[in-house]
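Just so you know, the protein sequences line up as chains A and B, in that order.
Using this note's numbering, the first residue of the first sequence is number 1, and each one after it goes up by one.
Using this note's numbering, the first residue of the second sequence is number 1, and each one after it goes up by one.
Keep in mind that the hints are not guaranteed to be accurate.
Claimed, not checked - Straight-line alpha carbon distances no greater than 25 Å define the calculated SDA-like cross-link-like pairs of lysine to any residue that follow:
| hint | chain 1 | residue 1 | chain 2 | residue 2 |
| --- | --- | --- | --- | --- |
| 1 | A | Lys173 | B | His612 |
| 2 | A | Lys173 | B | Ala505 |
| 3 | B | Lys35 | A | Leu22 |
| 4 | A | Lys178 | B | Ala505 |
| 5 | A | Lys169 | B | Val189 |
| 6 | A | Lys25 | B | Gly610 |
| 7 | A | Lys98 | A | Phe197 |
| 8 | A | Lys169 | B | Pro554 |
| 9 | B | Lys35 | B | Phe460 |
| 10 | A | Lys25 | A | Phe188 |
| 11 | A | Lys168 | B | Phe601 |
| 12 | A | Lys178 | B | Pro554 |
| 13 | A | Lys178 | B | Asp606 |
| 14 | A | Lys25 | B | Gly195 |
| 15 | A | Lys178 | A | Gly105 |
| 16 | A | Lys178 | B | Gly195 |
| 17 | A | Lys169 | A | Tyr185 |
| 18 | A | Lys25 | B | Pro554 |
| 19 | A | Lys169 | B | Phe601 |
What the hints assert, rightly or not - Label pairs and their calculated CB-CB ranges:
| hint | chain 1 | residue 1 | chain 2 | residue 2 | range |
| --- | --- | --- | --- | --- | --- |
| 20 | B | Trp25 | A | Ser67 | 37 to 43 Å |
| 21 | B | Arg20 | A | Leu112 | 38 to 44 Å |
| 22 | B | Arg20 | A | Val199 | 49 to 55 Å |
| 23 | A | Val126 | B | Arg20 | 40 to 46 Å |
| 24 | A | Ser150 | B | Arg350 | 57 to 63 Å |
Bear in mind the hints are in silico, worked out from the structure with no lab data behind them.
Remember, it's a predicted structure, so these values are computed and weren't measured experimentally.
Ideal placement from N, C-alpha and C gives every residue a C-beta, glycine not left out.
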Amino acid sequence: MSDHNQLSMAPEMPHHTETSTLEGKNKILGFWFFLGAETVLFACLFGTYLALRHSTMGGPTSEELFSLPMVAAATVILLTSSLTSVLGILGMHRENVKTMLFWFGVTVLLGLAFLGLEIYEFIEYVHEGHTFTRSAFGSSFYTLVGTHGSHVLFGVIWITTLIYQGWKKGITKETAPKFYVASLYWHFIDVVWVFIFTVVYLLGMIS
Amino acid sequence: MFIVAIFTGGYNDRFLERVRNHWLWDWLTTVDHKKIGIMYFLSGFFFLLVGGIEALLIRMQLIVPNNDFMVGDTFNQLLTMHGTTMIFLAAMPMIFGLMNVVVPLQIGARDVAFPFMNALGFWLFLAGGLLLNFSWLFGGAPDAGWTGYPLLALNQFSPGPGVDYYVLGLQIAGLSSMMGAINFLVTIVNMRAPGMTFLRMPLFTWGAFITSALLVFALPPLTVGLFELMFDRLFGSHFYDVAGGGDPVIWQHLFWIFGHPEVYILVLPAFGVMSEVIATFSKKRLFGYSSMVFAMVLIGFLGFMVWVHHMFTVGLGPMSNAVFAIATMTIAVPTGIKIFNWLFTMWGGRIRFTTPMLFAVGFIPTFVIGGVTGVMLAVPPADFQYHDTYFVVAHFHYVIIGGTIFGLFAGMYYWWPKMFGKKLNETLGRWHFWLFLIGFHLTFLVQHWLGLWGMPRRVFTYQPGYGLEWGNQLSTAGALLMGVSMIFLLVNIAVTARRGEKAGADPWDGRTLEWAIPSPAPEYNFAQLPLVRDVDALWYAKMNGKKGIEPAEPIGSIHMPSPSYLPILMAIGFFIAGFGFVMRAIPAAVLGLIMVFLTMFMRSFDHDPGYHIEPEEIEATEKGARA
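The following block holds chain A by itself, in its conformation from the complex (with noise of 0.2 Å):
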């Protein structure tokens, strides 16, 4: 099944270990599939939560509660570790294991941070009485913001489970579309949090 794209001969195209076999191939298009129905996950996450912000039913306000300084230091942890992502793609690509290994660590220490960040916030806001149950504005909030967080709970173990498979064999023909789908996740869950960032915080803050 591989035999006809031999056939194809590109002249000297760049060589990517991810893409070397069908599977790796069939991985890395039905990961952006999936992709796709997330984003339509999250866009439906999105409206429920415009639709509701108002309702606050007497609760804290989206003004009273976000403050400008916690959330940009998340963004720029959560856009960092995209970056070391890439660079870990980057390794890959080279075929260097161990550059490969220690950005794709970097990565999800900066996950953990942000994940910590989030805590920490969600905490404060349970005390200025800004509950999941609270109201509808409550619901929709921790629901929007919880799901990408548990996103990136998921990114966080599976990345770390892939380091240790790329540590114990290489990066090889099975491996390398893992790392690489990862990194596509990775770097959806980013894109969200731009979302977020925009249209929870910074419209929260102003209207």
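Could you slot chain B onto chain A? The hints should help.
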């Protein structure tokens, strides 16, 4: 197996060996798309019978006015479960079954892109379906209608676990559809045989492709809606609860942004089946191939633009209603293109009225009636009249039975030889078709008038003296006739299994690639990948006087993925988690989720080298199959 091991005091090698060689273990762990397809189809068929029995009970209740056979809560449960079962547990899995068996064969692929995920998808669907139906036994079935509208679906109006079963069962089944859809998309994009360009793909594969694309984008809104409903019910959030600032109309949007494309998810594969069957049994190339493809793509696209026509009476205003009314009516154009192309294909063809062809031909007028009433409902002022009456019930049964179920039956009779190596009996098939067709129109044609005369849907009885009696009696009689027709189908399946004739590779004088390989298809599908030169590749080869399709490669060793017991284990984990949430037993739910994650880790670290089928073995299989 672990439990047995515990009871027998550790693993017994001989016992393990016997388990591994048992046919049941083979099916439980299979990653072969044809076997998975058969399992999807048969379990979908089982749920079709369950949903059918629920429908018969509903019709029995409505046979006379003021009947007290199934009233109140019981009726609501039947109604809800009938709709939910038919859409999610019968129609979709049966479609997935056909697609799983046929699509890789039609594009000349050895396997699907993700065999493991495919198996997982099937077991998840089964877990979700069983969880939903567990509700009959433990705590009462969902009773808020298959659309699960809040506020009705919230705790204060639907106490008890019924709606929780709905939420969690559908969530698990939805996961399964997402996996299936991604699998088909990648298979079709990446694994077509050499020469099989997109515009040479058989139309059933096109139907599968567009349906899968719709699923990828339509399921997430339902997922979000269900999650929000679950949070409202289980964790006290306020998405839909007006008292807490929520808005139930959000559910309606989310549900119908999924729900309307769902109609096309159900009907596009049926369109594909029709195109295959009508071309084969008219002995003609399908009229207007590329316009058929274009029409399908357009229908798929427009399917996302029309959800508000389910919400005309919500009060979103004349502007929004008008826009969505026009978008809805636009869909009639590509659908009309398809209908005329089928008619033109038959025109002047050498038509053979086999059972699949009968279902295909019966489909055309039936679906047209459904389409016409669809345009009637797309007019907002008229919709205010028809809303929530039996007119709507009649309309969507004409579309979904007239489209999907007729298509599924046509496809079932058509591809049965490819699935099991035997042709279903034609005489019994005819009985099935005629009784089903007559029963169907008897049941639902009259419901149009019942609706116009004011009979509301979802209500368990009606008063005498309003002229609704005879219509309801006809309708019930028709439903019974449909039930009888299904007995003919069951007998047919049993008779064929016991003493049906061997069908051979190409029993219908087919046109597409699946008929170029033995029936039932060997596990590697194609001994050599075919070289495709035209639409209807096999027909092209036959017309050029060739014995089979030209191969694109020499015979060589074929790599296959190994079977795995992880999919079923993961599905059990999901089932436990779902059941735990329904029963508000959070520790059990967490335990189930832990099981899911453990199996995920096992899969992640599991290095599957697969196995190879060597050329000698392939030659032996092929020889045995041809003889």
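task = Output the numbers, in ascending order, of every earlier hint that fails for this structure.
result = 2, 4, 5, 7, 8, 9, 12, 16, 20, 23
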